[in-house]
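Here's the letter readout for the chains.
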Amino acid sequence: AQSVTQLGSHVSVSEGALVLLRCNYSSSVPPYLFWYVQYPNQGLQLLLKYTSAATLVKGINGFEAEFKKSETSFHLTKPSAHMSDAAEYFCAVSGLSGGYQKVTFGTGTKLQVIP
Amino acid sequence: ETGVTQSPTHLIKTRGQQVTLRCSSQSGHNTVSWYQQALGQGPQFIFQYYREEENGRGNFPPRFSGLQFPNYSSELNVNALELDDSALYLCASSLRGDSYEQYFGPGTRLTVT
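Just so you know, the protein sequences line up as chains A and B, in that order.
Those letters in the first sequence? Residues 1 to 115, per our numbering, in order.
Those letters in the second sequence? Residues 1001 to 1113, per our numbering, in order.
Just so you know, these hints were derived from the structure itself, not from any lab.
Check each hint, because a few of them may be wrong.
Here are the simulated SDA-like cross-link-like pairs (lysine to any residue), alpha carbons at most 25 Å apart as the crow flies [unchecked claim]:
| hint | chain 1 | residue 1 | chain 2 | residue 2 |
| --- | --- | --- | --- | --- |
| 1 | A | LYS102 | B | PRO1061 |
| 2 | A | LYS102 | B | GLN1041 |
| 3 | B | LYS1013 | B | GLU1101 |
Label pairs and their in silico Cβ distance ranges [stated by the list, open to error]:
| hint | chain 1 | residue 1 | chain 2 | residue 2 | range |
| --- | --- | --- | --- | --- | --- |
| 4 | B | GLU1052 | A | ALA17 | 30 to 40 Å |
| 5 | A | ALA17 | B | ASN1079 | 44 to 54 Å |
| 6 | A | LYS68 | B | THR1005 | 30 to 40 Å |
| 7 | A | ALA17 | B | ASN1055 | 39 to 49 Å |
| 8 | B | GLY1028 | A | LEU96 | 13 to 23 Å |
| 9 | A | LYS110 | B | LEU1067 | 31 to 41 Å |
| 10 | A | GLU66 | B | ASN1059 | 40 to 50 Å |
| 11 | B | LYS1013 | A | SER28 | 32 to 42 Å |
| 12 | B | LEU1039 | A | ALA1 | 22 to 32 Å |
No experiment lies behind these values; they were computed from the predicted model shown.
Think of the CB as a built atom: it goes at the ideal place given N, C-alpha and C, for glycine as much as any other residue.
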């Protein structure tokens, strides 16, 4: 079975401050890991993905995430928050399950950026 | 390259009615997955289609059914609508074997009254 836990349903940061969104996963097989962003009333947009290559993954809009197997974590960071980063962020794990590639999402973290 | 599109954008139905939601996959993708996203929650997997056959299903009752067509477009059908079916329904297409990176459509907002 696979699962994702996102710590903190709401995170507030000041504009220009470090963004850190936490994600821990559970998977019985080597996972693929993803971070998606969702703006209000829109679908999900892929920020970055980990597919067993480099453990530090760089994505769009200045975001990056580090895969730490020993901690089963895949935290999302950005050095300096912009107002446009305010959105909801979802961590997801993907792995083979019953013959198909199953994707499980976390419950999301809503990021607020304070001017 | 055309992205994933969904129709309609919004829909209001009455409890007990039936609804069909449509999705057009990204060009070249052979797998489509459907998700239900209730307000304030993460997407919940409904089912996945590969080459016109359902090859994975989440914890949803049989009144949720789907189709995938030869051109890889897809439909989600929900019978006997319940109030709890009110949600954003997301379609995602992917290429099997390509790390299963999914490309999402904008969603259909279904309201059941």
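So, going through the hints one by one against the coordinates:
1. A:LYS102 <-> B:PRO1061: holds (18 Å)
2. A:LYS102 <-> B:GLN1041: holds (18 Å)
3. B:LYS1013 <-> B:GLU1101: Violated, at roughly 32 Å.
4. B:GLU1052 <-> A:ALA17: 30 to 40 Å: Since B:GLU1052 and A:ALA17 have Cβ atoms about 49 Å apart, the given range 30 to 40 Å is violated.
5. A:ALA17 <-> B:ASN1079: 44 to 54 Å: holds (49 Å)
6. A:LYS68 <-> B:THR1005: 30 to 40 Å: holds (37 Å)
7. A:ALA17 <-> B:ASN1055: 39 to 49 Å: At roughly 44 Å between Cβ atoms, B:ASN1055 and A:ALA17 fall inside 39 to 49 Å, so the hint holds.
8. B:GLY1028 <-> A:LEU96: 13 to 23 Å: holds (22 Å)
9. A:LYS110 <-> B:LEU1067: 31 to 41 Å: holds (34 Å)
10. A:GLU66 <-> B:ASN1059: 40 to 50 Å: Once the Cβ atoms are compared, 32 Å apart, the range 40 to 50 Å for B:ASN1059 and A:GLU66 is violated.
11. B:LYS1013 <-> A:SER28: 32 to 42 Å: holds (39 Å)
12. B:LEU1039 <-> A:ALA1: 22 to 32 Å: Since B:LEU1039 and A:ALA1 have Cβ atoms about 26 Å apart, the given range 22 to 32 Å holds.
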